[in-house]
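K.L.:
Fit chain L with the ligands to the given chain W structure using the hints.
Number of protein chains: 2
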Amino acid sequence: MALLLEGTSLARKVREELREQISSIKSVDPYFNVSLKIIQVGGREDSNVYVRMKTRAANEAGISCEHVNFPEDITEYDLLLAIKGFNEDPTVHGIIVQLPLPAHINEQIITEAVAPEKDVDGFCETNLGKLTKREGQPLFTACTPKGIMCILKHYGINVQGKHAVVIGRSNIVGRPMSILLEKANATVTLCHSKTESIADIVRTADIVVAAIGIPHFVKADWLKKGVVAIDVGINSIPDATKKSGYRLTGDIDFENAKEVASAITPVPGSVGPMTVAMLLQNVVESAVRFRKMSRKRKPTLL
Amino acid sequence: MALLLEGTSLARKVREELREQISSIKSVDPYFNVSLKIIQVGGREDSNVYVRMKTRAANEAGISCEHVNFPEDITEYDLLLAIKGFNEDPTVHGIIVQLPLPAHINEQIITEAVAPEKDVDGFCETNLGKLTKREGQPLFTACTPKGIMCILKHYGINVQGKHAVVIGRSNIVGRPMSILLEKANATVTLCHSKTESIADIVRTADIVVAAIGIPHFVKADWLKKGVVAIDVGINSIPDATKKSGYRLTGDIDFENAKEVASAITPVPGSVGPMTVAMLLQNVVESAVRFRKMSRKRKPTLL
Ligand SMILES: NC(=O)C1=CN([C@@H]2O[C@H](COP(=O)(O)OP(=O)(O)OC[C@H]3O[C@@H](n4cnc5c(N)ncnc54)[C@H](OP(=O)(O)O)[C@@H]3O)[C@@H](O)[C@H]2O)C=CC1
Ligand SMILES: NC(=O)C1=CN([C@@H]2O[C@H](COP(=O)(O)OP(=O)(O)OC[C@H]3O[C@@H](n4cnc5c(N)ncnc54)[C@H](OP(=O)(O)O)[C@@H]3O)[C@@H](O)[C@H]2O)C=CC1
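Chains W and L supply the protein sequences, listed in that same order. Take the first sequence: its letter number 259 is residue 320 in the working numbering, and every next letter is one higher. Take the second sequence: its letter number 259 is residue 320 in the working numbering, and every next letter is one higher.
Just chain W, same shape as in the assembly (with noise of 0.2 Å):
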């Protein structure tokens, strides 16, 4: 049996040091506040369940977070006018637009516009072209990856020269995920749905991270004995056993894969939460380099 790689203790942690540097700084400057606007558009029930999310782990660490919903036929004009607004607005430390848009709104556009330096998704050009440079230094990372990187350095798991297959290249989580692991050495390979002879190739892992969707995609007879398996997938399927007549799952076929991986993530519990406590590492780090620069403006003399 696998070990388990338990993520939502670390993500208490993380959200702990987060309130207790908050409280240390405003404690020294009452005037310090971090803050987080995420924009919704419309009201599917899996986003706002996911805003719900962050918004409560946000209030608890003490960042005023607001929830900022606009209606499913905004245009995109008016929503790049509120997206400007907050770029502009000093006291805003962090925007996050929650994906996905509808049709008419072009999301290359939106998630463009956020400025770099409150892109605390990591989602922008800007930000995603200092992760590709070997020697650029990206004011934010995509939350997903980092907190995968996270876990694997809280149990010590080597990464340096080990082969990591990585399925999904989306923007927000398989495309980084792939650049931070070849950044810590790892050799990578950087599957999607062309891939031919998936399964072969996940043989050859020895780690594997599933972001694409698909509940069980990844069957236990695709993994080399000992492998380190990390599952970003949430899907929610049908169980009768549940009140609400569902569960989520993810990608890895989990009751199986433990059998064979030497650690393994649950889902829930593990990349879900430290993504959301990364959110806010992300949020923190920004308002703490908004107040350096503000300070470093003001006249020597005064």
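In case anyone wonders, no lab produced these hints; they're calculated from the structure. Possibly wrong hints are sitting among the right ones.
Since the list gives no way to pick out one identical chain from another, each pair is judged satisfied if it fits inside one copy or across any two copies.
[To be verified] In silico PhoX-like pairs for lysine-lysine, Cα to Cα no more than 20 Å straight-line: (1) LYS255 - LYS145; (2) LYS319 - LYS353; (3) LYS280 - LYS357; (4) LYS353 - LYS214; (5) LYS280 - LYS255; (6) LYS87 - LYS353; (7) LYS214 - LYS74; (8) LYS255 - LYS244; (9) LYS244 - LYS223; (10) LYS319 - LYS285; (11) LYS214 - LYS255; (12) LYS280 - LYS353; (13) LYS255 - LYS223; (14) LYS303 - LYS353; (15) LYS145 - LYS303; (16) LYS145 - LYS285; (17) LYS244 - LYS214; (18) LYS319 - LYS280; (19) LYS74 - LYS280.
Quick caveat, the model's predicted, so the values are computed rather than measured.
P.N.:
Here is chain L with the ligands on its own, set in the frame of chain W:
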């Protein structure tokens, strides 16, 4: 014996098309002039050779190319000033800084100083970020990987679904190469100096791109029968039979590899000339883009 993926004549064809494109624009707009600045610091012999090659090719294609040579001991500040001058000069369409730079100059700062819309090498974070992001449209793509994609296309080599192994992760070759292949729907593994069991990984490849800088690093017995082998390496090794006392060779053991591969690039004569041709293509694209933008800006009443 493998098919030779020849680049010299393909590069000549690209250069001829560029010359025709330039003269056809000049025939309607006599003021149209395509201008490239090549900045070199010091006088490294290998850099001299590359700069000479680029300058000659540019001039042959009808591009005004100036080789701007600064002394080895120029300060970073003065180099930045020179780049700023070219950034602001509307008659300049492309700026490249010949690498490597002397140790006292920060390569990251210098490559980031070139305006993204004149960064015809495609090295800056803005262009790398646009390349990395799924929907991103880089203004310029790094010339060597772009040239390799051209060669593959020219010879009708299908990339989608194939397993491509890229060895080397530099900003200018390996890293952008891995992204271009992945965007063309290959499954890509990126290897580097920390990769363990590299021979075994290369053995699983349908396409290998070697960009390491070590002569004959990739052995024939690392190759799967029928592999497509792309050799980026340019290494000079002693050769008593040559007047100069040396000859150029690649990162793949060509003589033995050509018996295993289905297709292979010779060194020299393939990736090298295509790299130069893609640089010229980027410069012409830039001049055409600047021309379009300046015409757009003209008041419509005139
Ligand atoms: N735990 C957390 O906090 C988070 C969880 N998630 C969850 O992670 C999963 C992935 O999310 P996201 O990255 O946004 O998803 P996307 O839908 O953006 O990307 C899915 C990726 O999976 C690939 N894919 C689809 N089908 C196959 C297949 N048959 N074989 C191989 N690859 C395939 C796609 O390939 P192609 O590119 O070729 O189409 C694509 O790259 C979802 O379940 C999501 O809910 C997401 C974000 C955060
Ligand atoms: N044909 C053309 O037009 C061009 C040719 N070149 C040639 O291509 C070659 C590579 O150039 P460039 O990308 O600039 O080189 P760099 O020196 O910047 O990068 C070399 C890469 O090779 C990796 N590497 C080094 N040793 C090993 C090893 N033992 N096993 C596996 N990987 C290794 C390094 O890994 P790590 O990152 O871990 O250090 C690094 O990523 C050179 O020969 C250069 O002359 C370059 C540009 C254009």
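K.L.:
Against this structure, judge whether each hint is valid.
P.N.:
We went through each hint and held it up to the structure:
1. LYS255 - LYS145: neither (38 Å within a copy, 44 Å between copies)
2. LYS319 - LYS353: Cα proximity of LYS319 and LYS353: none, with 46 Å in one copy and 59 Å across.
3. LYS280 - LYS357: neither (54 Å within a copy, 56 Å between copies)
4. LYS353 - LYS214: neither (29 Å within a copy, 51 Å between copies)
5. LYS280 - LYS255: within (18 Å within a copy, 29 Å between copies)
6. LYS87 - LYS353: Answer is within; shortest intra-copy Cα gap is 14 Å, inter-copy 53 Å.
7. LYS214 - LYS74: within (14 Å within a copy, 52 Å between copies)
8. LYS255 - LYS244: Between copies, since 11 Å is at most 20 Å while 25 Å is not.
9. LYS244 - LYS223: Within one copy, since 12 Å is at most 20 Å while 24 Å is not.
10. LYS319 - LYS285: Classified as within: same-chain Cα gap 12 Å, cross-chain 33 Å, threshold 20 Å.
11. LYS214 - LYS255: between (31 Å within a copy, 18 Å between copies)
12. LYS280 - LYS353: This pair counts as neither: shortest intra-copy Cα distance 49 Å, inter-copy 53 Å.
13. LYS255 - LYS223: between (24 Å within a copy, 9 Å between copies)
14. LYS303 - LYS353: neither (49 Å within a copy, 62 Å between copies)
15. LYS145 - LYS303: neither (43 Å within a copy, 64 Å between copies)
16. LYS145 - LYS285: Neither: 49 Å inside a copy, 54 Å across copies.
17. LYS244 - LYS214: Close inside one copy (14 Å), not across copies (30 Å); limit 20 Å.
18. LYS319 - LYS280: This pair counts as within: shortest intra-copy Cα distance 11 Å, inter-copy 38 Å.
19. LYS74 - LYS280: Answer is neither: 32 Å inside a copy and 49 Å across each miss the 20 Å cutoff.
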